[in-house]
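Could you build all of it, start to finish, from the sequences and the hints given here?
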Amino acid sequence: MTATARTGARAATPATAARPPVVGPLLARVGFYVFALVVGAFFALPVLWLLTAPFDADPTLSVAVPSLTLSNFAAMFSNPYVGSSLRNSILLSLGTMLLVVTAAALCAYALSRVRIPGRDLLLYILLLFSSVVSGTAAMVPLFQLINQFGLINTHTGVMLVLAGGLLPAGIFILKDFMDSIPPSYEEFARVAGASPLQTLRDVVVPVARPGLAVVAVWTIVNVWGDFLIPFILLRSPDKAPAAVVMFNFYTEGGQANLRLISAYSFLYSIPVVVMYLFVNRRYGFRFYGGIKR
Amino acid sequence: MAEVTISALVKVFPNGARAADGLDLTIRDGEFFALLGPSGCGKTTLLRMLAGLETPTGGTITLGGQDVTRLPPGKRDLAMVFQDYALYPHMTVTDNIAYPLKVRKVAKDERHAKAREAAGSLQLEELMERRPGQLSGGQQQRVALARALAYPTELFLFDEPLSNLDARLRLEARTFLKRLQTDLGVTTVYVTHDQSEALALADRMAVMDAGRFRQVGAPLEVYQRPSSRFVASFIGSVPMNLLPATVADGGLRVGSNRVPVPAHAREHVAAGDEVVVGARPEYAELLAEPADDALAGTVAVVELLGTEYLVTVEDGDLSVQATAPEDPGIGSRAWVRLGERHTLLYRADDGELVDAPRAASARDQMVAAG
Amino acid sequence: MSAGAGPKAPQTPAGGGAGGGAGAAPASQDASDDAPAAAAGGQETAGAVVLGRGGASAFVAPALGLVGVFLIFPALWTLYLGLTNARLTGLAAAEPQFVGLSNFVRALTDPLFRNSLKVTAIFVVGSAVVGQTGLGFLLAWSLRGWRGPVRSAIEVLVILAWIIPGSVVAFLWIALLDGRSGTLNTLIPGDGGIEWLLRYPMASIIVFNTWRGAAFSMLLFGAALASLPPSHLETARLAGASAWQQLRDVILPSIRGHILTALLLISLWTFNLFTPYLLTRGGPNFQTEVLPIYIYRVAISSGQLGYGAAISAIMLAINLVVALVYLNVLKDKT
Chain A
1 MTATARTGAR AATPATAARP PVVGPLLARV GFYVFALVVG AFFALPVLWL LTAPFDADPT
61 LSVAVPSLTL SNFAAMFSNP YVGSSLRNSI LLSLGTMLLV VTAAALCAYA LSRVRIPGRD
121 LLLYILLLFS SVVSGTAAMV PLFQLINQFG LINTHTGVML VLAGGLLPAG IFILKDFMDS
181 IPPSYEEFAR VAGASPLQTL RDVVVPVARP GLAVVAVWTI VNVWGDFLIP FILLRSPDKA
241 PAAVVMFNFY TEGGQANLRL ISAYSFLYSI PVVVMYLFVN RRYGFRFYGG IKR
Chain B
1 MAEVTISALV KVFPNGARAA DGLDLTIRDG EFFALLGPSG CGKTTLLRML AGLETPTGGT
61 ITLGGQDVTR LPPGKRDLAM VFQDYALYPH MTVTDNIAYP LKVRKVAKDE RHAKAREAAG
121 SLQLEELMER RPGQLSGGQQ QRVALARALA YPTELFLFDE PLSNLDARLR LEARTFLKRL
181 QTDLGVTTVY VTHDQSEALA LADRMAVMDA GRFRQVGAPL EVYQRPSSRF VASFIGSVPM
241 NLLPATVADG GLRVGSNRVP VPAHAREHVA AGDEVVVGAR PEYAELLAEP ADDALAGTVA
301 VVELLGTEYL VTVEDGDLSV QATAPEDPGI GSRAWVRLGE RHTLLYRADD GELVDAPRAA
361 SARDQMVAAG
Chain C
1 MSAGAGPKAP QTPAGGGAGG GAGAAPASQD ASDDAPAAAA GGQETAGAVV LGRGGASAFV
61 APALGLVGVF LIFPALWTLY LGLTNARLTG LAAAEPQFVG LSNFVRALTD PLFRNSLKVT
121 AIFVVGSAVV GQTGLGFLLA WSLRGWRGPV RSAIEVLVIL AWIIPGSVVA FLWIALLDGR
181 SGTLNTLIPG DGGIEWLLRY PMASIIVFNT WRGAAFSMLL FGAALASLPP SHLETARLAG
241 ASAWQQLRDV ILPSIRGHIL TALLLISLWT FNLFTPYLLT RGGPNFQTEV LPIYIYRVAI
301 SSGQLGYGAA ISAIMLAINL VVALVYLNVL KDKT
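Chains as they are written, first to last, in my numbering: chain A, 1 to 293; chain B, 1 to 370; chain C, 1 to 334.
Derived by calculation from the structure, the hints in this document are not laboratory data. Remember, predicted model here, so these are calculated numbers, not experimental data. Glycine residues also receive a C-beta, built at the ideal position from the N, C-alpha and C atoms. One should not assume that every hint holds.
To be verified - Some chain A residues judged to face chain B by a derived CB distance under 10 Å, without partners named:
{"id": "1", "residue": "ASP58"}
{"id": "2", "residue": "SER62"}
{"id": "3", "residue": "ALA192"}
{"id": "4", "residue": "ALA194"}
{"id": "5", "residue": "SER195"}
{"id": "6", "residue": "ARG209"}
To be verified - List of simulated lysine to any residue pairs, SDA-like, C-alpha gap at most 25 Å:
{"id": "7", "chain 1": "C", "residue 1": "LYS331", "chain 2": "A", "residue 2": "GLY118"}
{"id": "8", "chain 1": "B", "residue 1": "LYS75", "chain 2": "A", "residue 2": "GLN198"}
{"id": "9", "chain 1": "C", "residue 1": "LYS331", "chain 2": "A", "residue 2": "ARG119"}
{"id": "10", "chain 1": "B", "residue 1": "LYS75", "chain 2": "A", "residue 2": "LEU197"}
Structure below.
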């Protein structure tokens with residue numbers, strides 16, 4: 001530590017006389033570590049509970065060194081909603097993901113390759129509406145619409161609404177991706193005698209696979225965490241996904257069951273963290289701001 | 001093998017650009033035909049129309065006597081090599097080369113054998129299990145070539161296949177390509193913006209500009225007798241001398257000098273005509289002594305070309321280049337004799353070659369054809 | 001490569017990590033060498049090789065159908081619903097009456113609506129503009145140039161706060177801020193525990209949301225700072241500029257576009273955020289009842305759909321203004 005500080009200072013002194021000498025780098029280093037400590041504590045403090053309580057035989061609301069046990073996880077499944085809610089979350093995530101990836105991929109490919117009249121206007125409208133119409137601002141008409149379709153309290157209704165909201169961003173991500181694929185890939189396949197369908201299957205889909213995977217994971221993460229839409233569109237508790245059931249667990253009257261809540265939170269959070277790590281490792285963290293809405 | 005005919009071919013893009021403006025051409029069976037021209041001249045569009053990747057606005061294309069104008073690309077029995085090679089990153093070299101055969105439902109063993117065979121002729125045996133991302137540019141280019149060779153075709157289409165290679169590799173690949181085409185004897189259309197590639201490779205070539213053919217002919221003919229100033233300035237590693245001149249007293253006044261009118265043009269010019277004298281530096285002679293019919297000046301620049309020197313001689317606004325075996329020394333007096341046999345005259349107004357009476361000039365023929 | 005530039009996706013405001021994943025494509029030079037002609041036709045008609053216009057329309061249809069029905073139509077329908085007395089139950093549920101602008105008039109005179117507007121403004125300014133954008137920039141700025149485990153650890157923590165599901169983080173904060181046994185109170189000496197969510201509800205949700213969303217602007221500014229040419233800073237440093245002068249004279253002006261992008265997007269998202277409901281459900285005594293919660297209460301809980309739709313329409317109008325400004329910023333940047 002001292003050694004590095006000293007070499008740093010020596011290197012800096014002759015080069016720039018105008019800078020405050022010697023103390024500068026050391027001070028900056030100390031300042032950085034103080035800052036890192038404060039910020040790290042701020043961001044770590046709320047999460048710590050999630051790491052200790054699930055493994056504590058007798059968890060409280062505060063962070064404590066746990067008396068290690070896995071019994072909370074075993075006990076958790078005696079609650080009927082734990083299993084059903086996780087199943088519902090998986091169903092909603094995968095269903096919406098299939099809808100979004102399929103529709104967005106087809107649309108993005110066509111928009112990237114074919115000059116459809118009014119394409120630029122279309123993209124602008126998509127962009128505008130996807131920024132303007134949020135689930136909260138449109139909760140009334142969405143609720144009414146799903147009601148009219150007779151889809152209230154169905155997973156289909158939730159998936160359709162979520163897909164509609166996520167699609168524009170998915171289309172933009174994939175169109176960006178398709179634009180980066182040289183058209184000569186498809187042209188060669190066609191010259192070689194492949195049918196349009198063969199070309200898509202053999203060339204376009206495999207080459208676009210990383211983009212499809214990014215959109216798939218992005219959709220799953222979004223649906224997995226979404227609270228509002230299933231909260232307003234689903235009635236029966238046995239249809240509710242984990243986001244809603246989690247909320248019910250800690251707002252229902254009576255003493256909150258911390259063993260249940262902690263273990264359940266942990267289990268419910270794991271998939272998104274794993275998927276984040278997967279995307280980060282596999283494709284590098286490509287920065288799509290719309291990844292959270 | 002097949003003969004390619006295009007007639008009255010027109011392509012207008014939605015933005016109004018005319019990439020093909022009434023093209024007529026016959027490419028003979030087994031011929032290596034180069035399409036040469038600057039960016040945007042329409043050469044790539046013509047190639048893509050031959051491939052079926054663009055649909056002509058008008059006119060017809062026949063391949064081996066069959067009208068293919070409206071046929072989809074896969075039904076034309078042709079192979080194409082793209083500028084960016086279009087190798088599939090998710091397939092191995094084997095699978096890339098075998099892909100056209102897979103599309104043709106050739107059994108796996110057989111198509112892999114054919115792929116190995118094609119790869120063998122291009123020294124790719126060691127690379128068969130690699131992916132394109134693991135190959136050098138030259139190797140990628142050869143894989144693209146092998147992929148075109150692996151299945152039977154009537155016609156090869158090349159879209160600037162060497163332009164992504166570095167200069168040295170490009171020369172090697174060029175020689176290889178020429179040998180390959182001679183061996184196979186498959187009709188080949190080759191698009192390039194590099195005039196030296198066209199001259200080196202082609203049996204015949206077309207120089208294009210603004211969607212029209214400016215000259216069609218054998219490379220030597222195009223090199224020696226460019227039919228217009230445009231072609232003259234485009235062809236040749238060393239640019240042709242193009243000197244403004246006036247016809248006077250049975251000769252040509254170039255600056256303060258006087259040179260003879262080339263024999264083939266003598267009947268077609270009259271005193272007072274404004275012309276441009278075209279003469280290649282390679283045919284011009286650099287003299288250290290004053291001589292008749294030579295342009296006098298001072299040596300301004302000397303560049304070594306390898307076996308000889310390119311010398312720039314200046315006299316006022318006039319600047320002439322000639323090749324010479326010896327370095328004459330900058331600042332020395334020098335005389336340049338253009339070499340009458342290879343000197344051409346172009347009309348100053350329309351840039352066309354002076355070799356026929358005006359009424360039947362090349363340009364009018366073009367217009368009539370279009 | 002893309003010929004018709006079109007509007008740029010919001011997903012890639014950083015420019016840094018943008019550009020899709022060209023990872024798959026090999027050394028692909030710009031294939032459209034045959035300039036003006038191919039620029040218009042090349043890539044565009046290239047797809048026609050596979051699709052053609054009819055096929056393209058069929059490909060676009062499912063997505064546009066979904067977006068049209070579940071995104072665009074609801075927005076327009078809100079405007080109509082806002083002019084009716086539609087209710088969730090009862091007579092007006094079956095046959096809503098057209099009531100003109102009376103919902104809007106009612107909103108203007110409703111003290112709770114005005115309270116909600118004020119609460120929302122404080123929440124957005126506090127947690128989006130100052131909190132997320134400010135802290136995110138501070139993080140990106142301080143971490144810039146550092147490598148190693150400390151930086152990685154901080155980044156992981158910040159991103160963790162961003163990706164854990166909302167209803168979980170809400171409970172984590174309820175636990176943290178609990179009056180009797182919350183971690184925060186156990187850290188503070190003295191025995192009188194503070195009920196943070198009741199005593200300081202607005203401050204709590206502001207700090208909560210800052211914590212929750214700082215990752216986005218940290219990543220955005222991180223990419224922006226990384227894309228600055230080092231020579232700019234070196235020039236300033238050679239001229240003897242202090243760290244503060246470098247920040248003010250070199251860095252801030254060159255990432256102005258990113259700052260504006262971050263401010264607008266984060267404000268827009270925060271304005272539409274329903275998550276405070278999970279912490280406080282708008283209470284105590286409406287002190288944290290931001291507009292989304294207000295709409296939920298009047299429209300879904302109390303069933304006054306028409307009135308709720310009118311409020312939604314106001315919200316959409318505000319969103320529209322912010323989005324138009326944002327799209328203009330994007331257009332200027334590209």
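Against chain B, is ALA192 of chain A within 10 Å by beta-carbon distance? For ALA192 of chain A, the interface hint holds, since the closest Cβ of chain B sits about 4 Å away, which is under 10 Å.
For the hint on SER62 of chain A, does the least C-beta distance to chain B fall short of 10 Å? violated (52 Å)
Regarding the hint that ARG209 of chain A lies at the interface with chain B, is the smallest CB-CB distance below 10 Å? Since chain B brings a Cβ to about 8 Å from ARG209 of chain A, closer than 10 Å, the hint holds.
Between LYS331 of chain C and ARG119 of chain A, is the straight-line Cα distance small enough, at 25 Å or below? holds (17 Å)
Does SER195 of chain A hold up as a contact with chain B if the rule is Cβ-Cβ below 10 Å? Hint on SER195 of chain A: holds, closest Cβ of chain B at ~7 Å, below 10 Å.
With a cut-off of 25 Å on the C-alpha distance, tell me whether LYS331 of chain C and GLY118 of chain A pass. holds (18 Å)
Regarding the pair LYS75 of chain B and GLN198 of chain A, is the alpha-carbon distance no greater than 25 Å? holds (15 Å)
Have a go at the ALA194 of chain A hint: is there a Cβ in chain B nearer than 10 Å to its own Cβ? With a minimum Cβ separation of about 5 Å from chain B (threshold 10 Å), the hint on ALA194 of chain A holds.
Evaluation of the interface hint that places ASP58 of chain A against chain B, nearest CB under 10 Å: The hint is violated - ASP58 of chain A has no Cβ within 10 Å of chain B, the shortest such distance being about 54 Å.
Would you check the hint for LYS75 of chain B and LEU197 of chain A, treating anything up to 25 Å between C-alpha atoms as holding? Status holds; Cα separation ~16 Å.
Hint violations for this structure: numbers 1 and 2, all remaining hints satisfied.
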